[in-house]
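K.L.:
Sequential numbering from 198 applies to the sequence shown in our numbering.
There's no promise every hint is true.
Below, computed lysine-lysine pairings styled on DSBU-like, alpha-carbon distance capped at 30 Å [claimed, not checked]: (1) 385 x 512; (2) 206 x 440; (3) 487 x 441; (4) 414 x 428; (5) 221 x 487; (6) 501 x 385.
Just so you know, the hints here were simulated from the structure itself, not pulled from any lab data.
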Amino acid sequence: MIINKDDRKSIRNVFGKTLVELGKVNPNIVVLDADLSCSTQTALFAKEFPDRFFNSGIAEQDMIATAAGLASVGKIPFASSFAMFATGRTYDQIRNSVCYPEFNVKIVGTHGGVTVGEDGASHQALEDISLMRSIPNMSVIVPSDCRECEQVIKFAAENYGAMYIRIPRTNVCDIFGDDYEFDFCKAKVIEEGTDVTVITNGETLAEVIEACENLKKQGYSSQIIHVPVVKPLDGATIIECVKKTKFVITVENHSIIGGLGSAICELLAEYYPTPVHRIGVNDTFGQSGKWDFLLDYYGLNSEKLELSIKRYIDKYRLVK
């Protein structure tokens, strides 16, 4: 698969436009924001449906508690803020006011990962997936391109349950074609391979695809699995794929503690013990810088991933 990384689109804008589209057909959809509607793009919904939009101010805890109240009377609330504040600042409210009573609240965290860029460590959510996947009754979804994001938001609106959806600040390139269909229950095999199974999601999927395409020219065969739904995890597909290579590398724009890599390790440790190398942010905070510089600095762009994956495959071949 060849990715055109020069043609990028705003995934946040797609999120906002999809909310407007859904709002036109479902009057129960309401949107809440924490004084960041221009950044999260929920301002599009606010302009179209001002009586169904609630700006909670810089008070994400109030936003989540209000969303829970609206859900309790049959509304379908989408509550959005930067991922750092939508999950970290609100953990108590999400756990006890949304997930414990099993309310139908959709939390959309924008600006996830180090690609938040110049806003620095205080705004770069590297723990949000870890926090959300640890709470009972919470689903966690990380779309990779605009087409998938649109389908994920529509899925969330049409299906009951608390969901955390994470999207980046950066514009993203197209990965999936017009025939793509998001499946909540299934991981997607992007590429077949025999040397290693590389598992990823979100904006690092494009980087992994490019890295593995370059490695293919050097004689390396990489199986790529896209896991948009971190919880509940599609263990059956992952184990079936891993049995072919018996070696796994995970890649995520998140701490390697508690995120996608941890979910894969937990699954395989219990059902199919397999060597796993996790690539992500290694138990540290982010820092201020351009998003592309930070991807490179933390080893998450295609150039650094190509080197890392090649090194891990060579090392595994020696000990296999």
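K.L.:
The structure should be examined with respect to each hint, and the outcome stated for every one.
P.N.:
Hint check:
1. The hinted pair formed by residue 385 and residue 512 meets the criterion: a straight-line CA distance of about 27 Å does not exceed 30 Å.
2. Distance check on the hinted pair: residue 206 and residue 440 sit about 36 Å apart at the alpha-carbon level, beyond 30 Å; violated.
3. Taken as a hint, the residue 487 and residue 441 pair is broken in the structure, with Cα atoms around 38 Å apart against an allowance of 30 Å.
4. Restraint check for residue 414 and residue 428: the C-alpha separation of about 34 Å exceeds 30 Å, so the hint is violated.
5. Taking the CA atoms of residue 221 and residue 487, the gap is about 37 Å. The hint is violated against a cut of 30 Å.
6. Between residue 501 and residue 385 the CA atoms are separated by roughly 24 Å; this keeps the pair inside 30 Å, and the hint holds.
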